[in-house]
Amino acid sequence: MAERNLEQLEKIREAVSQDLLSGRIELLLGWEKGHYWWQSRPLFASSEGDLARLTWDSFCAVNLSRYLLDELKDHQKVGVLVKGCDSRAFNRLLQDNMVQRDRVILYGLPCPGILDYNLLAAEAGSKLKGITEENGQVILKTEDGEIEVNRDEMLMVKCSECLYPDPVVYDQMLLEPLGQKEVPERFKAVNELEALSSEERFAYWEKELSRCLRCYACRQACPYCSCRECFVEQENPRWQGRAYQPSENFLFHLVRAYHGAGRCIDCGECQRACPVNIPLQELNRKLIKDINELYGDYEAGVDAEKEPPLLTYRPDDPAAFSEK
Amino acid sequence: MKKMIAADELAKLWIRLAEKSTLFLPVQDGPTVLYQPWKDGAQVELEAFNSAISPKDIFLPREETYLHYHCSGQSLELAAVEDDRAVTAFGIHPCDLKAIEMLDRVFMEQEPADSLYQKRREKTTVVALSCTKPDPFCFCGIFDVDPLDAPGADVMAHLVDGYMHLEARTEKGKALLEEAGDLLENSTIDKIEREIKTTDFGLDIKGLPEDLKSRFDDPAWDELYKSCLSCGVCTYVCPTCYCFDVEDYGHDAEGERFRCWDSCMFGHFTQMAGGHNPRPSRKERVRQRFMHKLQYYPEVYNEIACVGCGRCLRSCPVNLDIVQAIKALGGEKVEHR
Amino acid sequence: MSIANPLMPQMATILDITAETPDVKTLRVSGKDGLPFEFMPGQCAMLSVLPVGEAIFSITSSPTCRDCLEFSIKNVGKVSSYLHSLAPGQQIGIRGPYGNGFPVDQIKGKDLLFIGGGIGLAPLRSLIGYCFANRDDYGQIDIVYGARSPADMIRKSEVKETWAEQPNTNVHLTVDAEFPDWKGHIGFVPNYVTELAFTPANKVAITCGPPIMIKFVLQALDKLGFAPEQVITTLEMRMKCGVGKCGRCNLGSVYVCKDGPVFSLAELNELPGEY
Amino acid sequence: MSTALNEKSAGYQPLIVAFCCNWCSYAGGDLAGTSRMSYPANVRVIRVPCCGRMNPMFVLRAFQRGADGVLVAGCHPGDCHYSTGNYHGRRRLSAFKRLVEFAGFEPDRFEVRWISSSEGDKFAEEMEQMTAKIKALGPNRKMRDARWQSVT
Chain G
50 MAERNLEQLE
60 KIREAVSQDL
70 LSGRIELLLG
80 WEKGHYWWQS
90 RPLFASSEGD
100 LARLTWDSFC
110 AVNLSRYLLD
120 ELKDHQKVGV
130 LVKGCDSRAF
140 NRLLQDNMVQ
150 RDRVILYGLP
160 CPGILDYNLL
170 AAEAGSKLKG
180 ITEENGQVIL
190 KTEDGEIEVN
200 RDEMLMVKCS
210 ECLYPDPVVY
220 DQMLLEPLGQ
230 KEVPERFKAV
240 NELEALSSEE
250 RFAYWEKELS
260 RCLRCYACRQ
270 ACPYCSCREC
280 FVEQENPRWQ
290 GRAYQPSENF
300 LFHLVRAYHG
310 AGRCIDCGEC
320 QRACPVNIPL
330 QELNRKLIKD
340 INELYGDYEA
350 GVDAEKEPPL
360 LTYRPDDPAA
370 FSEK
Chain E
1116 MKKMIAADEL
1126 AKLWIRLAEK
1136 STLFLPVQDG
1146 PTVLYQPWKD
1156 GAQVELEAFN
1166 SAISPKDIFL
1176 PREETYLHYH
1186 CSGQSLELAA
1196 VEDDRAVTAF
1206 GIHPCDLKAI
1216 EMLDRVFMEQ
1226 EPADSLYQKR
1236 REKTTVVALS
1246 CTKPDPFCFC
1256 GIFDVDPLDA
1266 PGADVMAHLV
1276 DGYMHLEART
1286 EKGKALLEEA
1296 GDLLENSTID
1306 KIEREIKTTD
1316 FGLDIKGLPE
1326 DLKSRFDDPA
1336 WDELYKSCLS
1346 CGVCTYVCPT
1356 CYCFDVEDYG
1366 HDAEGERFRC
1376 WDSCMFGHFT
1386 QMAGGHNPRP
1396 SRKERVRQRF
1406 MHKLQYYPEV
1416 YNEIACVGCG
1426 RCLRSCPVNL
1436 DIVQAIKALG
1446 GEKVEHR
Chain L
84 MSIANPLMPQ
94 MATILDITAE
104 TPDVKTLRVS
114 GKDGLPFEFM
124 PGQCAMLSVL
134 PVGEAIFSIT
144 SSPTCRDCLE
154 FSIKNVGKVS
164 SYLHSLAPGQ
174 QIGIRGPYGN
184 GFPVDQIKGK
194 DLLFIGGGIG
204 LAPLRSLIGY
214 CFANRDDYGQ
224 IDIVYGARSP
234 ADMIRKSEVK
244 ETWAEQPNTN
254 VHLTVDAEFP
264 DWKGHIGFVP
274 NYVTELAFTP
284 ANKVAITCGP
294 PIMIKFVLQA
304 LDKLGFAPEQ
314 VITTLEMRMK
324 CGVGKCGRCN
334 LGSVYVCKDG
344 PVFSLAELNE
354 LPGEY
Chain X
54 MSTALNEKSA
64 GYQPLIVAFC
74 CNWCSYAGGD
84 LAGTSRMSYP
94 ANVRVIRVPC
104 CGRMNPMFVL
114 RAFQRGADGV
124 LVAGCHPGDC
134 HYSTGNYHGR
144 RRLSAFKRLV
154 EFAGFEPDRF
164 EVRWISSSEG
174 DKFAEEMEQM
184 TAKIKALGPN
194 RKMRDARWQS
204 VT
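Protein chains in written order, with my numbering: chain G, 50 to 373; chain E, 1116 to 1452; chain L, 84 to 358; chain X, 54 to 205.
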């Protein structure tokens, strides 16, 4: 009911099934449908039968690259379907020496952005039965008839500000590239927060972070959080206490974000994974914005050869403090 | 005792109830609905389906300090910390109340009883609220939850045509209605008629617990866990999960000990000091969680530890939820397989 | 009505601390007036040092010892290393007893074969002491105890002198490899058990030690003809509450802290092998 | 660090934690001391091998446990004992400073300064200034752990 394009899916299936059958890859990481048409979940396909479940539609949000950390332990060669963000995540892991390039086949899928079911349902008003898509529009099929909405307005937060819909690294591009996007509003939320007073900003974060359950979904979904042992679990010294105190919430979220300084690929999986909707991308983007301002434009994950800004320096670097 | 109050007068009721107890209500907090202590101006969302996190933390708080210590030289003093406040838990849905009754068995019926939980439970008056419009993830029907009635409630409430009808079921419930007697009028309805349709996802759970007894090493476990991210979302939003940790905070001279939520999905959960871990990988941990719900708990208490609230379906970032698990383990109607 | 908080420790005092091996110390701990609580051999207690935390240890003294509890503790984690650093007179928190303990009545009238390795002797020692105090209730007692080196043996003088002198009792010691002053048996515990060729008739074997030793001891006993019902072991798991609620130590629906830690091999065979 | 100064007393005395590079600022502090220069007693100095060794958790932990201000002091650019530690430190601490400000800390609460081993006077002066600025800001409550009790 929500297939983006069956022709596209056939094309993808054909390419990957060839490789899976010939043994070029042992496993394909893709997506399959969940319980409902607006859910697509990870698929671990190792046979043609598994591939019958493969899907490619407007709900394939899960970033698959992170699964390589485990799957490369069990498989010699793994194929991954990568959207723009998944491919940047792959570069992140590559730069962190967590994966080997020659053991992975990347199938590029240019992605116009993932739709947010909650936005669709809110727009629909009455019960939403399904959608179709056409020329940048989404047609909502509701109990009371059809409603047409602009697709860009129905995107997940993480996609509405995406700069790179096309995969930046791939072995095989399976669909037609979409080209780089202009996102003038990328730092809008950051700018708005910066305009507040310290007190207001603190109150804002204290409230947002107070919902944190410390479930660590943000960390587990994140391609830059690939440490074997996270500071959170470190026993000696014990940095992160388990209490739900504001001080512990701030410690976790500031350090988590800071560990992504110059490394965060801005895929937004942290924020998507958060069960209580904490705006985590604002912390990540603050760091991206500052580092770009201070040390030159850098987009993590776009070019695996380019050195991350916090791993290098120039003698004449500016500082965010007085150097007199 | 059956009373009612106009829905637009409810704020008066909140004020009254909050005078003598901590009043928990489903409140809009940013983009989520959570059960929180009521404050003036809070945006109460009685019809939201469903709160992002279950109301279990009214009874089993995320964090509760139970002792203070003082040390000087070699001597140590321990002082118990007790929480004696009365609580009103308002707007608890039948599924969530059933889940709390499942926790009761673990924390109160099973020896030794947990005094922290028991005290809080005894001090709490539960006002349950029947459902009006369940969301697509609600599947309480297969667990025999009646979305229109919560048998364990102190007061059973219904929202009908702009009125909230309140029926006291226990002494505690009666006392609550009497407390607010001047705000209430006699209820005009006798029985609530409402058709509630929830999905069943094609599940058939009959005999599943017994069936799973011999399936600890089932090949289904080798596939099911793969998408798991090893985060704790499912366990923290779940109304029937209750794993906890105990931790100290303080320095050499004084501090406290508290208990807080923990999750069996975390790798460190079972890791021993020497390094050995009986559940070393995601596979063992995913199996533990689902087996606990579907086999271990029912083995002791004769009931699957799930109420179909749908929170794990809504919140798991990779849709690895209990329905997925039940299906993978063969708990599906024949025509759906 | 008011019930006690099962997580609340009571006060205890460390009477003395003895170094047993390079990484094991034995703590003698008393409550306000003697024993903090009554217990049976094989049961455990939670020791608290604040703000470091709490950890569960098996009680190594016999309940017939009335003035204190003894714990032989290996330095492996945060709490254990902190306990090692304490001095006599220090007050700590204690709660317990936890677990089922050894089936002292069920094994009455039987010959007993104790098989311990390293720090694994600690829980066995409680039962051994109990059996000696009720000597007439039990048949012949064989004690096989091994360690990596002579220096790694705990309660050495007690094992060699006191236990070996008891009536109808044999002590068999072994170390993993040759050591200059060691004149006893050399070899791993499971092999020694096989060499000693114990007969299973009217005998119960009770074993505790590192997991790898237990695994091979069970195989050796099986070869000697011991039925699973005749073999008893005690498990170690991470625990936080001790009362079967916190969710860490379960094997299926069985909680090691409450329904264990003592299991017969027959019982263990019925449970998920997650230990 | 576990000393929270009495904030209720009339003359508020802030607690400032200064992480000083072993090779320069720490020696600068020494020089200030041996030269009999005076600087406020509000500063607690913690020696670190290099400002490049600064872990952001050091700073946050100080705030959690009662610090009203945190200062990191390292070698002037070009003078690092390990050649490049402070160059890296400059980038990292700049990003971190902006992040904690974004989280709601006043800019003066967390500062970075370059102080060499011969700059005893600068050391004393910076400590003086930092103390004055924090005194003006008043006690820090942000990120202070409500459970942290002072050692009496």
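Errors might be hidden in some of the hints.
What the hints assert, rightly or not - Distance condition first, Cα-Cα at most 25 Å in a straight line; then the derived DSS-like pairs of lysine-lysine:
hint, chain 1, residue 1, chain 2, residue 2
1, G, Lys256, X, Lys175
2, E, Lys1238, E, Lys1321
3, E, Lys1117, G, Lys122
4, E, Lys1118, E, Lys1234
5, G, Lys178, E, Lys1442
6, E, Lys1135, E, Lys1238
7, G, Lys256, G, Lys237
8, E, Lys1448, G, Lys178
9, X, Lys175, G, Lys338
10, G, Lys176, G, Lys190
11, E, Lys1234, E, Lys1289
12, E, Lys1341, G, Lys126
13, G, Lys60, G, Lys126
14, E, Lys1287, E, Lys1312
15, E, Lys1154, X, Lys195
16, E, Lys1328, E, Lys1135
17, L, Lys298, L, Lys193
18, G, Lys256, E, Lys1398
19, X, Lys195, G, Lys373
20, E, Lys1248, G, Lys176
21, E, Lys1289, E, Lys1117
22, L, Lys193, E, Lys1398
23, G, Lys122, E, Lys1398
24, E, Lys1442, E, Lys1398
Simulated from the structure, these hints should not be mistaken for lab results.
These are the hints, each one checked on the structure:
Between Lys256/G and Lys175/X the CA atoms are separated by roughly 40 Å; this puts the pair beyond 25 Å, and the hint is violated. About 36 Å separates the Cα atoms of Lys1238/E and Lys1321/E, which puts this hinted pair outside 25 Å; it is violated. For a cut-off of 25 Å, the pair hint linking Lys1117/E to Lys122/G is broken: about 63 Å separates their Cα positions. Under the criterion of a C-alpha separation no larger than 25 Å, the hint pairing Lys1118/E with Lys1234/E is inconsistent with the structure, at around 28 Å.
For the given pair, Lys178/G sits about 23 Å from Lys1442/E by alpha-carbon distance, which is consistent with the 25 Å threshold. As the CA atoms of Lys1135/E and Lys1238/E are separated by approximately 12 Å, the hinted pair is consistent with the 25 Å bound. For the hint pairing Lys256/G with Lys237/G, the CA-to-CA distance comes to about 20 Å; that is within 25 Å, so the pair holds. Proposed proximity of Lys1448/E and Lys178/G is supported: the alpha carbons are some 23 Å apart, at most 25 Å.
Note on Lys175/X and Lys338/G: the hinted pairing is violated, with a Cα-Cα distance of about 33 Å set against a maximum of 25 Å. For the proposed pair Lys176/G and Lys190/G, the alpha carbon gap of about 9 Å is at most 25 Å, so the pair holds. Proposed proximity of Lys1234/E and Lys1289/E is supported: the alpha carbons are some 20 Å apart, at most 25 Å. Distance hint between Lys1341/E and Lys126/G is fulfilled; the C-alpha atoms sit about 17 Å from each other, no more than 25 Å.
Between Lys60/G and Lys126/G, the direct Cα distance comes to roughly 21 Å. Compliance with the 25 Å bound is thereby established for this hinted pair. Note on Lys1287/E and Lys1312/E: the hinted pairing is violated, with a Cα-Cα distance of about 31 Å set against a maximum of 25 Å. Pair hint Lys1154/E plus Lys195/X holds up; C-alpha atoms about 23 Å apart against a cutoff of 25 Å. This hinted pair does not check out: Lys1328/E and Lys1135/E have alpha carbons roughly 48 Å apart, beyond 25 Å.
Between Lys298/L and Lys193/L the alpha-carbon distance is near 24 Å, which keeps this suggested pair within the 25 Å criterion. About 36 Å separates the Cα atoms of Lys256/G and Lys1398/E, which puts this hinted pair outside 25 Å; it is violated. The hinted pair formed by Lys195/X and Lys373/G fails the criterion: a straight-line CA distance of about 28 Å is larger than 25 Å. Proximity of Lys1248/E to Lys176/G is assessed by CA-CA distance (about 11 Å); at most 25 Å being required, the pair is judged to hold.
Between the alpha carbons of Lys1289/E and Lys1117/E the distance comes to roughly 9 Å, so the proposed pair stays at or under 25 Å and holds. Of the pairs offered as hints, the one joining Lys193/L and Lys1398/E is violated, with about 42 Å between alpha carbons and a cut-off of 25 Å exceeded. Simply put, Lys122/G and Lys1398/E have alpha-carbon atoms about 14 Å apart, close enough for the 25 Å limit, and the pair holds. Pair hint Lys1442/E plus Lys1398/E holds up; C-alpha atoms about 17 Å apart against a cutoff of 25 Å.
Checked against the numbered hints given earlier, this structure breaks hints 1, 2, 3, 4, 9, 14, 16, 18, 19, 22; the rest are met.
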